[in-house]
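Those protein sequences? They're chains A and B, same order as listed.
Note that the first sequence ends on residue 371 in numbering that gives the first Met the number 0; no numbers are left out.
Note that the second sequence ends on residue 585 in numbering that gives the first Met the number 0; no numbers are left out.
Since the hints were derived computationally from the structure, they do not count as laboratory data.
Here the structure is a predicted model, which means the values were calculated and not measured.
Just so you know, not all the hints are guaranteed correct.
[Stated by the list, open to error] Dumping the calculated EDC-like pairs for lysine to aspartate or glutamate here, alpha-carbon to alpha-carbon at most 16 Å: (1) B:K413 <-> A:E220; (2) A:K136 <-> B:E300; (3) A:K317 <-> A:D227.
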Amino acid sequence: MAQGFAQWGNDLYTGRKSYQIVGNRRRFYIVAIVMVVLSFGVLLTKGFNLGIDFRGGSEFVVSNVTETDQQPAIDAVAEVAPAEVPRVTTVGGAAIRVQTDRLTADEVTEVRDALAGAYSVTEDDVTTAFIGPSWGKDVSQKAITGLIVFLALVGLVMTIYFRNWRMAAAALIALFHDLIITVGIYAAIGWEVTPATVIGFLTILGYSIYDTVVVFDKVRENTHGILDQTRSTYAERANLAVNQTLVRSINTSVVALLPVSAILFIGAFLLGAGTLRDISLALFVGMAVGAYSSIFLATPLEVTLREREPAIKEHTKKVLEKRAALAAQAAESTGGATDDAALAAAGVQGAGQLQPGSHQGVKAQPRRKRGH
Amino acid sequence: MTLAVLILALFASIFAGTKWSDASTTPGLALDLEGGTQIILTPIASEGEVTDETIQQAINVIRQRVDSSGVTEAEITSQGKNIVVGLPGTPSDETLDLVRKSAQMRFRPVLTVGAPTPVESETPAEAPAEPETPVVPANPSDLAQITPAVQAEFDALDCTDPKNLTGGLGDEPDAPLVTCADDGSAKYILGPVEIEGTEISNASSGMGTTPQGVSTGQWVVNLEFNNEGTEAFKDTTTRLVSLPSPQNAFALVLDGLVISAPTANDVITDGKAEISGSFNRESAALLANQLNFGSLPLTFEVQSEQQISATLGSEQLEKGLIAGAIGLLLVVIYSLFQYRALGLVTVASLGIAAVLTFGVILLLSWTIGYRLSLPGVAGIIVAIGITADSFIVYFERIRDELRDGRTLNSAVEKGWDRARRTILASDAVNFLAAVVLYFLAVGGVRGFAFTLGLTTLIDLIVVFMFTHPVMQLLARTKFFANGHPASGLDPRRLGATTRYAGRGRVSRSGATADQDAPTVDAPVDEPFDRPAREKVGAGASLGAASAGEGSRMTIAERRAAARRAAESDATTTGSSTEGDKNEENL
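Just chain A, with the same shape it has in the complex (with noise of 0.2 Å):
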């Protein structure tokens, strides 16, 4: 299987075999903007499942209790305000999570009592926190000025880098693009909202923007000098080059996952709520999102706003132009040939970063050998 993936990822590199990537950008924009629509409709309908950190109230873990039935604190709770209903979620191999709404510090200690009596622990296994209602809002507000901020630094770093605002442009859609996926996605699982999650949602905002420099370094390679060429347009360039990356993307994407999803799983079926879970399953749906837009919507996002430059406008209708005289003149020559025929003659080139002047000349003389 390795052999035929690196046979692949040749076919890739050559351009022997290659996907329609840009080709077929309508469809991954349709695909795109019925998953951001879809999660909004999530986002509206369903809403956040929020944690504690962002209602606020009284949350009491016990731990080292021997059983982890629920039943026990959901007694002890109504024992000392019948009012409550606890959320009760077992956390860890021996520990009991219930959270109520904000109670009287008289009734903190009540229920503290109460839990340690109905498990049979001692008080000091019996850890209380208070959440005040504004601190989660806080937390997310700061979330938000950082996204501002960094957008906006990044928008500029990517500008100056790539010299090209229309890339970062490209790159920042994709980026909102997995970050309201990633939300969405999250929403529909249903797990708390905690401020691990908000972590997680922020990181993912640097990895998808990594993911796509990585992409958008090659497509810059590909289509340099374009202009002075009259083989391919800058579209199959693109193209060429989102495949070439592909492999590099797959092997990226696949080792950066592993870790988390080691993560996620510890954390979803050993350790139960915790940072640990909820910062991976958003961690996990995000590079999963970031790793896909990279290819199927930053690449073609780019292609598209870039053609709208005049002079790569012109430059696509003058290389189609050519390679139609060109097919013309091959079904001339060959008497009636079909439309394949007519492209081979007109020498489309998948592969080869053919620049005029550039691919000859000593760097194509054959190097002295060195140890030998």
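Following the hints, position chain B against chain A.
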């Protein structure tokens, strides 16, 4: 190698630290891993803005209270406008109350001063005992307020005991107060509150000037009162100047402790006082800050108060580390599978990165008191993927260059040239994200951003100082240069294209030196057979006429391809003018 020196220096300093200082070989753990209580307070000013200085002052007040209550290693930091107090273990309710309480600044007249140590016997002659205990004192400085009970309390008070320097005591404004100086150097009996700190409108420190405006060269603290304060201060000073020492002094009481007790020398009518004495720049600034803090009494709103049990924290840490180990193992397996022997370079690089990360975290937890938190651990685990990606980008570039027919040596150099740029750009973006998160976020987000930024930097160090040099070395070994199938850099498997080698010879570089590997060994459907000989017809597995393969076609090949295509019926999907001829529709 620089890297070896770097690592050596890192661990040598840590080792030296453990030997001669208080560094340790395990990183400090944050509350969520170690267990403890975290209280997040938002200071709220009754009026005006909460400035950074007042928050700093509030932190000092809280620290003073916590430290003297006997809790060690409390962590009190400000995060934006919030104050985060971390207390290890399970602190008592009294300690928690101390933290939550707001601090106030008040002016009280001094009735008497004493040495900080408790006095056993009868009061010394200096403090006159007033037998006739009038209920209503004539004025706030009336020594009649020192009742036997107050005197007894004063005698018993031991200001050398840190317990008595906690502050935050019951501070009845109308009753006399027996208390200590905040540094424990003296004890006082003070009259009732005369002026509230809120009546200070401004305090600043600077060089004192004579009435002629000439600098005296002494540090002083300038104090300004608002209208009410001016009135009250005038009354107080008028009364105090005529009194004998120590009754001519008034005490500045912050949080129940005397921070300063200047003597009134003149009647101050304009509400602008100057406190002079043995100040230096720091102490003058400190007092000015404290006075300013007093002018804005903050009340603390408890945002959250969390107790984290130590067992739960350690369970999370343990499971998190297990997850990290599993993740690392999976990455190792995958990269060995994908890159064969080259995967070992990945593994070694990841290993070095891990060692460096551990070292730096140790160093930071020793020098700046960094504590590793659970989100921080998550950040490190996530970084495994990002670090490994740098190697993947690099290796894929080398492979690309090999496919173009370079020798390994030049492929490594050329690939590095290109990969370096990509790695730098993408790491810059990542680092940017970490920095923005660190400075704008609160709580756990910070710990996460910190490790993320740290590992990004370490990633750069490792790639530049380890992975690339190692690749350069490896490229010289026979195993890799000849493209052994297990090296992961086998040009045949990578389908290196033929290239014109001059003088009519065609060389398949990378494989040229490899006589004992005949072309027959070539795996999978003859990827580098000359296209002219290829028997791939239209409609073959590729789904479209596979005319030109490889990167360059001769004229003859092109004609042949055209002919072949013409012969076969055009059953294929006619590629659009825009598409590549080998397209495979998705």
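Let me make sure I understand: some of the numbered hints might not hold for this structure. Which ones are they, in numerical order?
none
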